[in-house]
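Protein chains: 2
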Amino acid sequence: MDLEAPLKVLAFDVFGTVVDWYDSVARAVDALRLGVPGGAFALAWRAGYPLAMDRVRRGELGWTKIDDLHRMILDDVLRQFQVRGLGEAAIAHLNHVWHRLDPWPDAVPAITRLRRKFIVCTLSNGNLGLQVELSKHAGLNWDLILSAESFHHYKPDRETYLGVCEIFDIPPSAMMLVAAHKSDLQAAIACGCRGAFVQRPLEYGPGGLDALPPAIAAALRTATLADDALAVRASDLNDLADQLGCPA
Amino acid sequence: MDLEAPLKVLAFDVFGTVVDWYDSVARAVDALRLGVPGGAFALAWRAGYPLAMDRVRRGELGWTKIDDLHRMILDDVLRQFQVRGLGEAAIAHLNHVWHRLDPWPDAVPAITRLRRKFIVCTLSNGNLGLQVELSKHAGLNWDLILSAESFHHYKPDRETYLGVCEIFDIPPSAMMLVAAHKSDLQAAIACGCRGAFVQRPLEYGPGGLDALPPAIAAALRTATLADDALAVRASDLNDLADQLGCPA
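Chains as they are written, first to last, in my numbering: chain A, -11 to 236; chain B, -11 to 236.
Just so you know, the hints here were simulated from the structure itself, not pulled from any lab data.
Check before you lean on any hint, since a few could be wrong.
As the list makes no split between identical chains, a pair holds if one copy fits it or if it spans any two.
Unchecked claim - Distance condition first, Cα-Cα at most 16 Å in a straight line; then the derived EDC-like pairs of lysine to aspartate or glutamate:
| id | residue 1 | residue 2 |
| --- | --- | --- |
| 1 | 170 | 145 |
| 2 | 105 | 154 |
| 3 | 124 | 63 |
| 4 | 105 | 121 |
| 5 | 105 | 56 |
| 6 | -4 | 121 |
Since the structure is predicted, the reported quantities are computational estimates derived from the model, not experimental observations.
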């Protein structure tokens, strides 16, 4: 058994865990002065995301990058909010707002600290090109950027977590997933990886999950994870770095 | 036609172009005091590398990472040099000397300069885990690490160069391959990418190509590339940054 393998690799979820998609998307929509509330628009866009990935996971859609899934959802949300008159270039630019999300304030310093002791990579459903532009925008430096695109499987498919371990030639217990989402952590832990839960109470904006459509909120709430299944519970990424013994 | 696409992505060959494998491997072998000349050992090891990759490219071997190809060649070279008595742990450690190569002195500052203006990624036949450890060792930071492993094709297969363009959703002419090897550049240019040749006169040690077995040296010499096929010829990576208008 590999229960005792020393921790070598931290793999980070990105949207919500490292960057604040709600506020960044809401501000970009508000700036367009479309007469729609940016926050509600951001939540509707994000709510379409797990459904779109599930269509790929079920094989109903062939392999499709998040950039393209985001665009399919955006076209729906624009119709839903009855937005008319945005030209193709403006829609394409808005779709790439996910390449320009701002980091939570603790992310850049904490990741710098963690990289001194561990290999720190991403494991995001965001495509590689998106993550590269996002990281440049946010000033984030990683040891490696990995994506669902690297494995042609979206999280929470086990091929993603185990794919990280294969790349580094390590047993699952030498990898820790860092995420603000219990469903992601649950799937990684089921593969034998360690899990670090990071609290992001503002991920869905000031209204929290209650601001989402009830069915989506309920789906996000179903992931329950016993506290003792987690290796770490952290209030933010600096707290994670503290708990993992990384000097400030 | 996309001849005029602005340059967006620089993709770097790594072994020989960014890091000095000859000197790093030779010193590691000399330090083991095996009674074999480190430089000749390094050249013999490297000489096995294109042949091993060609076995994968022809389908004679299934997909095999460079770490594993390096080990197959190392076992041969140890026999060839009649080295006996190295234990498994020492052989495994020596095999990972390719994770601990030193950069050419211009590499770290020049790549920092280039990243301010362009997306700068690797495109190496070295596997992802190898490149991550090598980059941490050498102090190299990339916007993205890409590998033959990302595409399950070794360079000079066109799937590698075109795979980079697909990740960034750019036409081939918006990508420039940076390499010290004309065969690599020739293949990238045949795909419509731009090519930057970087001189590394010491790549094969003080003896140059003449120190290699004649058949290997001849194979390396066959790649000819008209000067006007190259977008840039540079004496080192700082010269490349100068020519591409990146402030020091």
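Discussion item. Please sort residue 105 with residue 56 into within, between, both or neither, judging by C-alpha distance up to 16 Å.
Written reply: neither (36 Å within a copy, 26 Å between copies)
Worksheet item: How would you classify residue -4 and residue 121 at a CA-CA limit of 16 Å: within, between, both, or neither?
Response: Classified as between; 12 Å across copies, 26 Å inside a copy.
Discussion item. Within a copy, between copies, both or neither: which one fits residue 124 and residue 63 at a CA-CA cutoff of 16 Å?
Written reply: So residue 124 and residue 63 fail the 16 Å test inside a copy (27 Å) and across (42 Å) alike.
Item to complete: Can you give me the call for residue 105 and residue 154, within, between, both or neither, at a CA distance of at most 16 Å?
Response: neither (20 Å within a copy, 33 Å between copies)
Practice prompt. Please work out whether the CA atoms of residue 105 and residue 121 approach to 16 Å or closer within one copy, between two copies, in both situations, or in neither?
Written response: Classified as between: cross-chain Cα gap 12 Å, same-chain 25 Å, threshold 16 Å.
Item to complete: Have a look at residue 170 and residue 145 and pick one of within, between, both or neither, based on CA distance no larger than 16 Å.
Response: Within one copy only: 14 Å inside a chain, 41 Å across chains, cut-off 16 Å.
When the structure is compared with the earlier hints, violations turn up for hints 2, 3 and 5 and for no others.
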